Amino acid sequence: MNFDFSEEQKLLRTTARDYLEDRAPLGLARSVLESEAAMSRELWAGAAEMGWLGAVIPEEWGGAGFGHGELALIAEELGRALAPIPFGTSATVADAILLAGTEEQKRRLLTGFATGDRIGTLALAERRGVVRPESVRATQGRDGTLSGTKIGAPDGAAANLALVLARDDAGALVLALAELDDGSRTAEESIDPSRPTARLSFDGTPAEPLGTGEQDAWTLLRRLLDRAAVVQSFEQLGTAQRAFDLTREQVLDRYAFGRPIGSFQAIKHRMADLYASLEIARSNCYYAAWALTNDDPGLPLAACTARVAATEACNEASAEMVQLFGGAGFTWELDCHLFYRRAQNLALALGPIGEWRDRLVDCLDTGSAPGAGLRTEPPAAAG
Amino acid sequence: MDFTDTPAEASFRAGARAFLERHTERLDPGEAPPGPFIGEDPAAVRRSQGWQALKFDHGWACLTWPQEYGGRGLGPMEQVIWNQEELRFRTPVNIFSIGIGMLGPTLMKHGTGEQKRRHLAKMARGDEVWCQLFSEPGAGSDVAGLLTRATRDGADWVIDGQKTWNTGAHFCRWGVVIARTDPDVPKHQGLTCFIVDMRSAGIEVRPIRQMNGGSGVNDVFFDGVRVPDENRLGDVDGGWRVAITILMNERAAIGARGMAGFGPEDLVRLAREADGPRGKAIEDSAVRARIADFHVRTAGLRFTTYRTLTALSRGETPGPENAIHKLVGSPLRQRMAALGVELQGPAGAAMDAAYGAQSAWLAAPGMRLAGGTDEIMRNIIAERVLGLPAEPRVDKELPFSAMRRNRA
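Here the protein sequences come in this chain order: A and B. Here the first sequence is numbered in the working numbering, starting from 1 and rising by one per residue. Here the second sequence is numbered in the working numbering, starting from 384 and rising by one per residue.
For reference, chain A alone in the conformation it holds in the complex (with noise of 0.2 Å):
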């Protein structure tokens, strides 16, 4: 039994960590957060010379060639770092270019994902609710220009390349790759100025489906979600655990009557519900790197369980953060609300937590892996 990372995956943990106690103290998402920036450029810089962002990315095409294992644990540190950079929406994009991209499209396009002069982000949503095929009104002409408007594009802010999903001239679901300019691409006022989303307009853009356009968009487009969740429910346990730590410091810190809050059974025993919620996240997380890693079929039970856990862990740990620094906490001058923010932006942006777990149940039912995720006992020590 070895459900553990590999000690070169930790060494790069470890090195990431470094990296960004030094380059990324909590003031950088703040700076972020507090102007006009879409995101940390030099940091972005930074990311890109440390090959994060080309981790996935075959060494042909300028990436460094690691597995989603090691995609999967940057993750975990630039969300313990708040990192102000797009780096899980971007890498998704890279995914589906990697998974359904033509040759000529990997040849192409990667090398820029890898260098960080490409960002991608997911036109995905245009009205209020979850995203379902019947809720897509964007169209791609049969010049493979796209018309419509996207919202709460995550990262969009920052991006220049969106993957966008429309229609074509008979109706049927697409995907297609469109360039983004000033033109096309307006900042929302985002609950998380730190990661700003966008409005996307498309007006006659032109864009290429991505991939050759044979394979079914929709079944495609959740396959790649799964893919994400796993990633950024990476990000979302970092982001908790950083948020459970300064919060951990705090209780030990603070005195009130007479004690160390954190002394006080009714402080103490949401410390301890909080640390079992992450232990699950952390656990069901460290599976779903396993399902992707080895692309297991349960992977999409192991990817919505690691979402909903780690969503589920975040958010609370931001909120009672808040709510145990106390007044304080509520201040523009603490950190407290760059995590608050942060862990709702992240819950929504690969879709809410409530079609997650409409989703998990549909796995157990269906039995779309049968038996994965259900087992009583490790894989290979059934035999």
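Simulated from the structure, these hints should not be mistaken for laboratory data. The structure displayed is predicted, hence computed values, not measured ones. The C-beta atom is built at its ideal place from N, Cα and C for all residues, glycine as well. Check the hints yourself; a few may be wrong.
Here are a few chain A residues that face chain B, going by a calculated C-beta distance under 7 Å [as the list claims (entries may be wrong)]:
id : residue
1  : F3
2  : A256
3  : P260
4  : I261
5  : S263
6  : M271
7  : E279
8  : W290
9  : T305
10 : D365
Starting from the known structure of chain A, fit chain B onto it as the hints suggest.
Quick look at chain B alone, frame taken from chain A:
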């Protein structure tokens, strides 16, 4: 990341499996391994003892015990592998976990040479079964507030009082009891442990009838029970240190099927069958959300066990973080069983063997109390994992006799 054994683990597993194949049969697919012992059937006790003796004679008992006490001096990972394999076979219920798992190691640490010689080998072979007598009607979470008295009388001690939540007193030969030997010092300082012959005059065992109708545990009454001083375990008034050793050995049953019983898969089957407000219950989004959360926790605990096994496999010792299994798992089972009953509508008011939700629901409250209440588990995590300070206590310096407490 992989879920395979190391070569050494695989070879140990093969040896364990070969022994089990030779001496018993594999469980049929879907057949449950034996549950906890709740009967008083003497034949079942003898079967358990026979199986333990066979394991002992072939070197498959007390794997983690030192060789000088009849064990094999192996690590916890080997014990886990053995447990996993044994669970695949049709074997009698295990009635030795309190003795071999908790009391044996305590005897090794605090017992006299004579006590170890007299008891450990017989305990290891299952020839003599042991039980623990700690909790009292007036001392549960605060077990150091116990009232059972032990008074010196010549070469003997005389024990009077009542113990409760005891497992196995009616078939055990020996028990470890903790009693108050000095009421005029603070509560932790006046306690002493004793090894008690459960056949002694003055001991009366009465089964407790639980709220679910079951009864696997007892009240045990001590009325002038004489215990020779040579059976004292540890120092006079040093009983709390002994008790701590026992409680430290009360580990999560790693490798066992911790979350067996009514679970998310049963809920999915049931919700597919039962009618909901619109269509089947499985189409009800509120039901779906609850099942999803139950699955997240169930899977999370399972994968947390994988992480623990990984630590064991590397020779690390898992610590108090294992408390989350009980803290999360026990209320989870209760909530899952409650949804199972609820989904059946008015029909759920009748006991139903098909899904077993009603019996799981009736048994569930006990699991949130046994071995530490939810609140005790939270304190363990907060204090021992997170390092948060303990609550100030009013009874720390006060002599026990001057302390406000429950009536006997």
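Verification of the supplied hints:
no.	hint	result
1	F3	4 Å, holds
2	A256	13 Å, violated
3	P260	6 Å, holds
4	I261	9 Å, violated
5	S263	4 Å, holds
6	M271	6 Å, holds
7	E279	6 Å, holds
8	W290	5 Å, holds
9	T305	5 Å, holds
10	D365	6 Å, holds
Violation of the numbered hints given earlier is confined to hints 2, 4; the remaining hints are satisfied by the structure.
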